[in-house]
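Undergrad: Can you build the whole structure from these sequences, using the hints too?
Chains as they are written, first to last, in my numbering: chain Z, 44 to 494; chain A, 44 to 494.
Check before you lean on any hint, since a few could be wrong.
One copy or any two copies: either way a pair holds, since identical chains are not told apart in the list.
Unchecked claim - In silico lysine-lysine, DSSO-like type, Cα no more than 30 Å apart, as pairs:
1) K187 x K462
2) K383 x K411
3) K463 x K341
4) K361 x K311
5) K104 x K67
6) K260 x K104
7) K338 x K290
8) K383 x K188
The set of hints was computed from the structure by calculation and includes no laboratory data.
Protein chains: 2
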Amino acid sequence: MANLDVFFNPKAIAVIGASRTPGKVGHAILENVKSTFRGKIYPINPNTNEILGLECFSSLKEIKEPIDLAIIAIPADLVKGAVEDCIKRKIKGVIIISAGFSEIGEKEKELALKKLSKNIRMIGPNCIGTLSPSKLDTMFIDRKKLKRPSEGSIGFITQSGAVGACLIDLASYEGVGVSKFISIGNKIDVDEIELLEYLGKDVETRCIVLYLESTEKGAELINISKKIVPNKPIIAFKSGKTEKGSKAVASHTGALAGTEEVFSAAFKQSGIIEAETTEDILDYAKILSTQPGLKSNKIAILTNGGGFGVIATDYAIKSGFDVSNLSKDAENALKKFLPKYASYNNPVDLTGDATTERYEKSINAILKDKEVSGLVIITLMQLPTVDDELLDVLRDAKMHGKPIIICAMGGAYTQERTKKLEKLGLPVYSTPERAIRAMKALLDYGKITKK
Amino acid sequence: MANLDVFFNPKAIAVIGASRTPGKVGHAILENVKSTFRGKIYPINPNTNEILGLECFSSLKEIKEPIDLAIIAIPADLVKGAVEDCIKRKIKGVIIISAGFSEIGEKEKELALKKLSKNIRMIGPNCIGTLSPSKLDTMFIDRKKLKRPSEGSIGFITQSGAVGACLIDLASYEGVGVSKFISIGNKIDVDEIELLEYLGKDVETRCIVLYLESTEKGAELINISKKIVPNKPIIAFKSGKTEKGSKAVASHTGALAGTEEVFSAAFKQSGIIEAETTEDILDYAKILSTQPGLKSNKIAILTNGGGFGVIATDYAIKSGFDVSNLSKDAENALKKFLPKYASYNNPVDLTGDATTERYEKSINAILKDKEVSGLVIITLMQLPTVDDELLDVLRDAKMHGKPIIICAMGGAYTQERTKKLEKLGLPVYSTPERAIRAMKALLDYGKITKK
Numbered sequence: 044m045a046n047l048d049v050f051f052n053p054k055a056i057a058v059i060g061a062s063r064t065p066g067k068v069g070h071a072i073l074e075n076v077k078s079t080f081r082g083k084i085y086p087i088n089p090n091t092n093e094i095l096g097l098e099c100f101s102s103l104k105e106i107k108e109p110i111d112l113a114i115i116a117i118p119a120d121l122v123k124g125a126v127e128d129c130i131k132r133k134i135k136g137v138i139i140i141s142a143g144f145s146e147i148g149e150k151e152k153e154l155a156l157k158k159l160s161k162n163i164r165m166i167g168p169n170c171i172g173t174l175s176p177s178k179l180d181t182m183f184i185d186r187k188k189l190k191r192p193s194e195g196s197i198g199f200i201t202q203s204g205a206v207g208a209c210l211i212d213l214a215s216y217e218g219v220g221v222s223k224f225i226s227i228g229n230k231i232d233v234d235e236i237e238l239l240e241y242l243g244k245d246v247e248t249r250c251i252v253l254y255l256e257s258t259e260k261g262a263e264l265i266n267i268s269k270k271i272v273p274n275k276p277i278i279a280f281k282s283g284k285t286e287k288g289s290k291a292v293a294s295h296t297g298a299l300a301g302t303e304e305v306f307s308a309a310f311k312q313s314g315i316i317e318a319e320t321t322e323d324i325l326d327y328a329k330i331l332s333t334q335p336g337l338k339s340n341k342i343a344i345l346t347n348g349g350g351f352g353v354i355a356t357d358y359a360i361k362s363g364f365d366v367s368n369l370s371k372d373a374e375n376a377l378k379k380f381l382p383k384y385a386s387y388n389n390p391v392d393l394t395g396d397a398t399t400e401r402y403e404k405s406i407n408a409i410l411k412d413k414e415v416s417g418l419v420i421i422t423l424m425q426l427p428t429v430d431d432e433l434l435d436v437l438r439d440a441k442m443h444g445k446p447i448i449i450c451a452m453g454g455a456y457t458q459e460r461t462k463k464l465e466k467l468g469l470p471v472y473s474t475p476e477r478a479i480r481a482m483k484a485l486l487d488y489g490k491i492t493k494k
Numbered sequence: 044m045a046n047l048d049v050f051f052n053p054k055a056i057a058v059i060g061a062s063r064t065p066g067k068v069g070h071a072i073l074e075n076v077k078s079t080f081r082g083k084i085y086p087i088n089p090n091t092n093e094i095l096g097l098e099c100f101s102s103l104k105e106i107k108e109p110i111d112l113a114i115i116a117i118p119a120d121l122v123k124g125a126v127e128d129c130i131k132r133k134i135k136g137v138i139i140i141s142a143g144f145s146e147i148g149e150k151e152k153e154l155a156l157k158k159l160s161k162n163i164r165m166i167g168p169n170c171i172g173t174l175s176p177s178k179l180d181t182m183f184i185d186r187k188k189l190k191r192p193s194e195g196s197i198g199f200i201t202q203s204g205a206v207g208a209c210l211i212d213l214a215s216y217e218g219v220g221v222s223k224f225i226s227i228g229n230k231i232d233v234d235e236i237e238l239l240e241y242l243g244k245d246v247e248t249r250c251i252v253l254y255l256e257s258t259e260k261g262a263e264l265i266n267i268s269k270k271i272v273p274n275k276p277i278i279a280f281k282s283g284k285t286e287k288g289s290k291a292v293a294s295h296t297g298a299l300a301g302t303e304e305v306f307s308a309a310f311k312q313s314g315i316i317e318a319e320t321t322e323d324i325l326d327y328a329k330i331l332s333t334q335p336g337l338k339s340n341k342i343a344i345l346t347n348g349g350g351f352g353v354i355a356t357d358y359a360i361k362s363g364f365d366v367s368n369l370s371k372d373a374e375n376a377l378k379k380f381l382p383k384y385a386s387y388n389n390p391v392d393l394t395g396d397a398t399t400e401r402y403e404k405s406i407n408a409i410l411k412d413k414e415v416s417g418l419v420i421i422t423l424m425q426l427p428t429v430d431d432e433l434l435d436v437l438r439d440a441k442m443h444g445k446p447i448i449i450c451a452m453g454g455a456y457t458q459e460r461t462k463k464l465e466k467l468g469l470p471v472y473s474t475p476e477r478a479i480r481a482m483k484a485l486l487d488y489g490k491i492t493k494k
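TA: What follows is the structure, encoded as structure tokens:
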């Protein structure tokens, strides 16, 4: 277990297959390691003396100083030899980016590599690397094309490098932070079970995302998840749900995917929140990593756009929420300052001329209502009377200790503000339905932990 | 019918209630009209001589030249008098932005206004205005806070100004164009029926979006839709689906919303494509306004990220698509240039080192397969071997005459390219599920028109 630390907190790193040529995988990896890692970096390439200003070595043997982690990006046929060199050199862990193993039918080659795992910890092969945003980036994708998220509290374990990478790119775009990201690839050694256990104990990770295509360790997955879930939510997405999709998984990773029913049942039994779509993954992670638990299914909806209030109410009721009227106390409090044409009932419609002050007073009145467990705040930031002080009001609303989520749909102006709110730890959704779906994931998690 | 033209092609406009004060509704409207309208503009405000560099008039009487459209943004109590002045002045149409009528229980006031509709055409009251992107913007929201989409082929009719406005803001952000946008508000005169008929005949509109909270004209809605749908798709979203949501509609617009079942049945009978979520609205409009019909349910999926291919396949099969293998001819064509480790079957996985050339040849091979009716192209634009020439290849793929949609998930780098593709008339979706849902809407529309 503890030896996984080498992947996230190494002291010195060798990049085997570092390349001088921009656009090459071995160049991008070195560039990304260099731009994040503060320890010593040793590029390995027999054909040059320097890459990106770093002294380059022709082999590991040349380096006298201790190295604890190596990243390998060389042709598949050379990987085994490189890992053997790492073992001789007492390197503790390797991240094998190289593809060309079981995913293309080269099972023997993979098996030969797997045997070495007794002596060294391995992530991959056929993976896109790992990321701890402020410490180490071993991914092979250009940081200009695929932005990295800031340090945050979502831990990602992904069997598809592509899907995982795009999700963190999107996270960075939305202003959502990530604690650790691991692309497990063909998982010949380090797998989802061990990483779940690791992230389960990781203090920086408040919520774990697992993107799974197949597993040979169903029972272990259930066991470890059961241990983690009471303290930390796990969100899982399973792909390869249909027979055809499952065949596509086989040709993609060389692994067998189970049926949808088997996985859904296992997730349920484990207390794992299942994401039904790729959109749900980040939507659920945003709320589960930032908001306190939802004590009941009674929520309130606050809006400055009547139409949005109606849509949110429809979807909330269909999702099993109670959107009944507020308490008399809350209603009376609202009546004191709201104009006559506003709606005091739940949903509370502040109408299109709502000011920041009207939002602030309403949020306080609603959250003081003991029956209300959570609040969905819809804001049309584009309206003339809404100003940026609303962002402070929304941030301060967290002090009530109840879950609060924001719904804001719009273009550039709105999305700039959305990012600011995400950075303040408030999950923002572009449609009422996505907001309510996320609130439902929070409700489901609450039910699981109460059991 | 033809008299609705005055709202979209007026020659001279009066803005009644024009304001000098930035931030005020009457200021924003004048600013927006001025920045789009090429005809003569007459601000009406008795307290000043000039606003935004335009000569200001104290009343309509002062103006000698002909005026055909007036926009009214003054307190509710003054609206009736202003409309009467417009009638005297032979103005053909008014857009009444002012609120304070039946939506807050002032039914008498609304009825009095309604009586005037024998002599003048009215949009509103309680609406946010209209938009023809390159001709006229009468909305009261700042163009900096809420960007306007470019000229395009989607026509929007919305009963909720808020939802409609946010949707076109989002459209502009995604690079999706709009032909006409009309917020109908309390619809005392011009309503969804007449606008459907108008947009049905409008050559600039290829697809109509209808956001509806309530209607008193169910039979007419069915009849007019049946006439339009064979030539032009209509996408409708109905809010106020649950009892509670329906009550929220009542307090919001003063109208009665029917049950979900009634509306869904009416939409089905009319050949209207129903959007289940607000996200579906634009997702469906993008594909239905740009892509040719889908001749069968057999589609192909092309990807450079295996995981995305699996997710798309799963969701396509669940949605009733046939994702069976390609023809032998197509498969043989692919084998000629694809590397051994790629997948030739459907989904076709070009793998992470796919170049633009590999995409181009594959697209041609797949679209030549007579059994394949449409193609979902998944592109991880972040990968090192993908360059911007891919955008040209994707544009050229349209020449096969089969529907093509793109799935691209990611941050700023990806989204910049997404916008470019949208402007080329290719719908882009951020997740495989959204892409497939949109393709399903296209399939459904095809089935309707075949009947």
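Undergrad: Are the hints correct? Go through all of them and say.
TA: Going down the list of hints, with the structure as the test:
1. Within a single copy, K187 and K462 get their C-alpha atoms as close as 19 Å, and across copies as close as 18 Å, so both meet the 30 Å cut-off.
2. Taking CA atoms no more than 30 Å apart as the test, K383 paired with K411 passes inside one copy only; the shortest distance there is 22 Å, against 64 Å between copies.
3. In the homo-oligomer, the alpha carbons of K463 and K341 lie at most 30 Å apart inside one protomer (28 Å), although the nearest pairing across protomers, at 44 Å, exceeds that limit.
4. Both within a single protomer and between protomers do K361 and K311 lie at most 30 Å apart by alpha-carbon distance, with minima of 21 Å and 21 Å respectively.
5. In this assembly of identical chains, K104 and K67 lie within 30 Å of each other by CA distance solely inside one copy; the values are 25 Å within and 73 Å between copies.
6. Taking CA atoms no more than 30 Å apart as the test, K260 paired with K104 passes in neither setting, with 38 Å inside one copy and 83 Å between copies.
7. In the homo-oligomer, the alpha carbons of K338 and K290 lie at most 30 Å apart only across protomers (26 Å), although the nearest pairing inside one protomer, at 42 Å, exceeds that limit.
8. Proximity of K383 and K188 under a CA criterion of 30 Å is satisfied inter-copy only: 27 Å between copies versus 51 Å inside one chain copy.
Comparing the model with each earlier hint shows a violation of hint 6 alone; every other hint is respected.
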